[in-house]
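Participant: Top line first, the protein sequences correspond to chains A and B.
Residue numbering for the first sequence follows the numbering used here, beginning at 1 and increasing consecutively.
Residue numbering for the second sequence follows the numbering used here, beginning at 1 and increasing consecutively.
In short, the hints are calculated from the structure, not lab data.
It cannot be assumed that every hint is accurate.
Claimed, not checked - Pairs of lysine-lysine residues, derived as BS3-like cross-links and limited to a Cα-Cα distance of at most 30 Å, are as follows:
| hint | chain 1 | residue 1 | chain 2 | residue 2 |
| --- | --- | --- | --- | --- |
| 1 | A | K99 | A | K4 |
| 2 | A | K60 | B | K2 |
| 3 | B | K88 | A | K6 |
| 4 | A | K29 | A | K4 |
| 5 | B | K88 | A | K139 |
| 6 | B | K74 | A | K99 |
| 7 | B | K9 | A | K99 |
| 8 | B | K2 | B | K69 |
| 9 | B | K9 | B | K72 |
| 10 | B | K88 | A | K29 |
| 11 | A | K60 | A | K99 |
| 12 | B | K72 | A | K99 |
| 13 | A | K59 | A | K6 |
| 14 | B | K88 | B | K74 |
| 15 | B | K69 | B | K9 |
| 16 | A | K139 | A | K124 |
| 17 | A | K60 | A | K6 |
| 18 | B | K88 | A | K59 |
| 19 | A | K99 | A | K139 |
| 20 | A | K29 | A | K99 |
| 21 | B | K2 | B | K71 |
| 22 | B | K4 | A | K99 |
| 23 | A | K77 | A | K29 |
| 24 | B | K29 | A | K99 |
| 25 | A | K59 | B | K29 |
| 26 | A | K6 | A | K124 |
| 27 | A | K99 | B | K88 |
| 28 | A | K4 | A | K77 |
| 29 | A | K59 | A | K124 |
| 30 | B | K68 | B | K9 |
| 31 | A | K99 | B | K68 |
| 32 | B | K88 | A | K77 |
| 33 | A | K60 | B | K29 |
| 34 | B | K69 | B | K29 |
| 35 | B | K69 | A | K99 |
| 36 | B | K29 | B | K9 |
| 37 | B | K4 | B | K72 |
| 38 | A | K139 | A | K77 |
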Amino acid sequence: MDNKMKLVFPALSENEQFARTAVIAFIMKVDPTVEQITDVKTAVSEAVTNCVVHGYPDKKGEILIECELLNDALHIKISDFGVGISDIEEVLEPFYTSKPFEERAGMGFTIMRTFMDSFELTSKPNVGTTVSMVKRLDKIA
Amino acid sequence: MKIKHRIDKIGLHIYLQGELDEFFQTQVKEQIDNLIENNLNIQSVIFDMSGLTFMDSTGIGILIGRYKKLKKMKIPCFIANPSFSADKVFTISGIYDLIPRV
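Could you build the full structure based on these sequences and the hints that come with them?
Facilitator: Now the structure itself:
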């Protein structure tokens, strides 16, 4: 059965565990494999971290997660309404980080791209950023 | 997130336990750095991941930061017992070229 859900929560790093666990709870009824679960968990964690750390560097804001289960695939959008990204090509480069002194790996988008079946990044400066991803959860995936 | 340690002839074994993400970043870095600074006569540092139930790229940033510090002190470091999913994250990042898996 197809299904939908939306989550809105404050952009705090202590909510990361809640966010990834909630998304996993949502997909459990299609009986994903352990690998599919950890792939989704990791990708959600990366996207939410980006919203917390980069979307809202100064002010506090909210994160919106929209999930849809469609034909045994998870369609997920994770959005912030923060500063946005001016150069999308640059941030998608592996190892790119805007905060090198905080010992960040610059691997977030690379992990989302690798762990999910499709990945798209849209952003507008001072409007916000959305990551849209799809993960197939059928057995042959 | 919990950190335990043990010292033997091989070196300082640091056991990371629980879920490692952005929320625990500062705390984990500080605890590991304290352990290293209090044990500067060790042969090596082994980051044991067997108790880690979740890790995102925060783990890569933390380990590469510790690797850089240890390199200055000429102390080699290694990754032991990563879970299937932690190993996937480590492999994508190429971290094993700097911190070999044992």
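Participant: Evaluate each hint against the coordinates.
Facilitator: Going through the hints against the structure:
1. A:K99 to A:K4: This hinted pair is violated, its Cα atoms lying about 35 Å apart.
2. A:K60 to B:K2: Given pair A:K60, B:K2 holds - Cα atoms ~28 Å apart, limit 30 Å.
3. B:K88 to A:K6: 29 Å, holds
4. A:K29 to A:K4: 13 Å, holds
5. B:K88 to A:K139: Measuring from Cα to Cα gives roughly 20 Å; hence the hint holds.
6. B:K74 to A:K99: Distance of about 26 Å is within 30 Å: holds.
7. B:K9 to A:K99: 37 Å, violated
8. B:K2 to B:K69: 22 Å, holds
9. B:K9 to B:K72: Status holds; Cα separation ~21 Å.
10. B:K88 to A:K29: This hinted pair holds, its Cα atoms lying about 25 Å apart.
11. A:K60 to A:K99: 18 Å, holds
12. B:K72 to A:K99: 22 Å, holds
13. A:K59 to A:K6: OK: A:K59 and A:K6 at ~23 Å, within 30 Å.
14. B:K88 to B:K74: 28 Å, holds
15. B:K69 to B:K9: Holds, at about 21 Å.
16. A:K139 to A:K124: Between A:K139 and A:K124 the Cα gap is close to 37 Å, so the pair fails against 30 Å, i.e. violated.
17. A:K60 to A:K6: Since the Cα atoms of A:K60 and A:K6 sit roughly 20 Å apart, the hinted pair holds (cutoff 30 Å).
18. B:K88 to A:K59: At roughly 34 Å apart (the allowed maximum being 30 Å), A:K59 and B:K88 break the hint.
19. A:K99 to A:K139: 39 Å, violated
20. A:K29 to A:K99: Violated. A:K29 to A:K99 sits at ~39 Å, over the 30 Å cutoff.
21. B:K2 to B:K71: 25 Å, holds
22. B:K4 to A:K99: 29 Å, holds
23. A:K77 to A:K29: 20 Å, holds
24. B:K29 to A:K99: This hinted pair holds, its Cα atoms lying about 16 Å apart.
25. A:K59 to B:K29: With a Cα-Cα distance of about 25 Å, the restraint between A:K59 and B:K29 holds, given a limit of 30 Å.
26. A:K6 to A:K124: Within the cut-off at roughly 22 Å; holds.
27. A:K99 to B:K88: Holds: A:K99 and B:K88 sit about 24 Å apart, inside 30 Å.
28. A:K4 to A:K77: Holds - the C-alpha atoms of A:K77 and A:K4 are around 12 Å apart, at most 30 Å.
29. A:K59 to A:K124: Given pair A:K59, A:K124 holds - Cα atoms ~17 Å apart, limit 30 Å.
30. B:K68 to B:K9: 23 Å, holds
31. A:K99 to B:K68: 17 Å, holds
32. B:K88 to A:K77: Roughly 23 Å between the alpha carbons, so the hint for B:K88 and A:K77 holds.
33. A:K60 to B:K29: 24 Å, holds
34. B:K69 to B:K29: 12 Å, holds
35. B:K69 to A:K99: Answer holds: B:K69 to A:K99 is near 18 Å, not above 30 Å.
36. B:K29 to B:K9: Distance of about 24 Å is within 30 Å: holds.
37. B:K4 to B:K72: Roughly 24 Å between the alpha carbons, so the hint for B:K4 and B:K72 holds.
38. A:K139 to A:K77: The hint holds at about 23 Å.
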